[in-house]
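Q: Chains as they are written, first to last, in the numbering used here: chain R, 1 to 113; chain E, 1001 to 1113.
In short, the hints are calculated from the structure, not lab data. All values reported here derive from a predicted model rather than from experimental measurement. Among the hints, a few may not be true.
To be verified - Listed next, the in silico BS3-like pairs over lysine-lysine satisfying Cα-Cα at most 25 Å (straight line): (1) R:Lys69 to R:Lys58; (2) R:Lys49 to E:Lys1009; (3) R:Lys58 to R:Lys100; (4) R:Lys69 to R:Lys112; (5) R:Lys49 to R:Lys69; (6) E:Lys1057 to R:Lys100.
Claimed, not checked - For the chain E half of the interface with chain R, some residues (derived, Cβ under 7 Å), not all of them: (7) Leu1043; (8) Arg1055; (9) Ser1098; (10) Pro1101; (11) Leu1102; (12) Phe1104; (13) Gly1105; (14) Asn1106; (15) Gly1107.
Glycine included, every Cβ here is placed at the ideal spot set by N, Cα and C.
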Amino acid sequence: AQSVTQLDSQVPVFEEAPVELRCNYSSSVSVYLFWYVQYPNQGLQLLLKYLSGSTLVKGINGFEAEFNKSQTSFHLRKPSVHISDTAEYFCAVIYTGGFKTIFGAGTRLFVKA
Amino acid sequence: DSGVTQTPKHLITATGQRVTLRCSPRSGDLSVYWYQQSLDQGLQFLIQYYNGEERAKGNILERFSAQQFPDLHSELNLSSLELGDSALYFCASSAVDSNSPLHFGNGTRLTVT
Chain R
1 AQSVTQLDSQ VPVFEEAPVE LRCNYSSSVS VYLFWYVQYP NQGLQLLLKY LSGSTLVKGI
61 NGFEAEFNKS QTSFHLRKPS VHISDTAEYF CAVIYTGGFK TIFGAGTRLF VKA
Chain E
1001 DSGVTQTPKH LITATGQRVT LRCSPRSGDL SVYWYQQSLD QGLQFLIQYY NGEERAKGNI
1061 LERFSAQQFP DLHSELNLSS LELGDSALYF CASSAVDSNS PLHFGNGTRL TVT
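Only chain E is shown next, with the shape it has when bound in the complex:
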């Protein structure tokens, strides 16, 4: 058990809809990362937060947004969903140091129909 909790595990929704994915980091970790994993694109870094502030941005679409709250949990919001957004979305957390390994949750599988 990595200590990172993601909810929900599965999500099925229709095109054009909006969903929110939630992540609780490992106890003591201040950094939260979001990744998208699909068969054709592999593991893509979306965004990182550190102690409530955005730290780094990757291949995140403008339709997607995220935030980290004072209790350090994070939410990833996906709007105007398209079929191509179907993927596994992983949250990971790490300790303060920049050389810290990532601890991954089990992911949320999003299916857009």
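Next comes chain R alone, as it looks inside the complex:
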């Protein structure tokens, strides 16, 4: 079955430290990959997307993600986090030829001062 796994449900980290949020998807067929962020009491916003081309994708707010086809992963990274990055982050995939976006369970990033 097509699925997305976010390996960490919660990630606490100190301000200005680097962070990596992990995401794996279930199939090696062609995919489109996304990371969304949800701040409290808001809907999800697109952080970045991978459709094709360079495997390193840069997004908003200093985030980047790397597509690794052999490991079916799309991990999200930021070299130095801020308090304002505290939010829930969702990895999502669209399998080529499909119409449905499949979301992971989310990772709650908590940045501490």
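Once you've looked at the hints, dock chain E against the given chain R.
A: Chain E alone, transformed into the frame defined by chain R:
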């Protein structure tokens, strides 16, 4: 601002009742998606419409129904409400392409008492 408008923002109702949630997609987007977000189930895909036609169905209960109108706005109808239906209901829209990211509204928070 994502351009997706959802009304109402909050809804409190009693068990057994029926409610209608409304969504206006981003200008130019033909696809509308409905998601349910709860603490125990995470973000669950309910249903997708494309230009007035149902395109994909997810974990939508038989008590729930949706439609997309000629002006592309969509309504999600929830009937015979149960306590467990309390959740955030998000609408999202996307452009025509199957690899398009989703643009989310701010959600309707439904509380069933």
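Q: Taking the hints in turn, state whether each one holds.
A: How the hints compare with the structure:
| no. | hint | verdict |
| --- | --- | --- |
| 1 | R:Lys69 to R:Lys58 | 17 Å, holds |
| 2 | R:Lys49 to E:Lys1009 | 28 Å, violated |
| 3 | R:Lys58 to R:Lys100 | 24 Å, holds |
| 4 | R:Lys69 to R:Lys112 | 33 Å, violated |
| 5 | R:Lys49 to R:Lys69 | 15 Å, holds |
| 6 | E:Lys1057 to R:Lys100 | 9 Å, holds |
| 7 | Leu1043 | 5 Å, holds |
| 8 | Arg1055 | 6 Å, holds |
| 9 | Ser1098 | 5 Å, holds |
| 10 | Pro1101 | 5 Å, holds |
| 11 | Leu1102 | 6 Å, holds |
| 12 | Phe1104 | 3 Å, holds |
| 13 | Gly1105 | 5 Å, holds |
| 14 | Asn1106 | 5 Å, holds |
| 15 | Gly1107 | 6 Å, holds |
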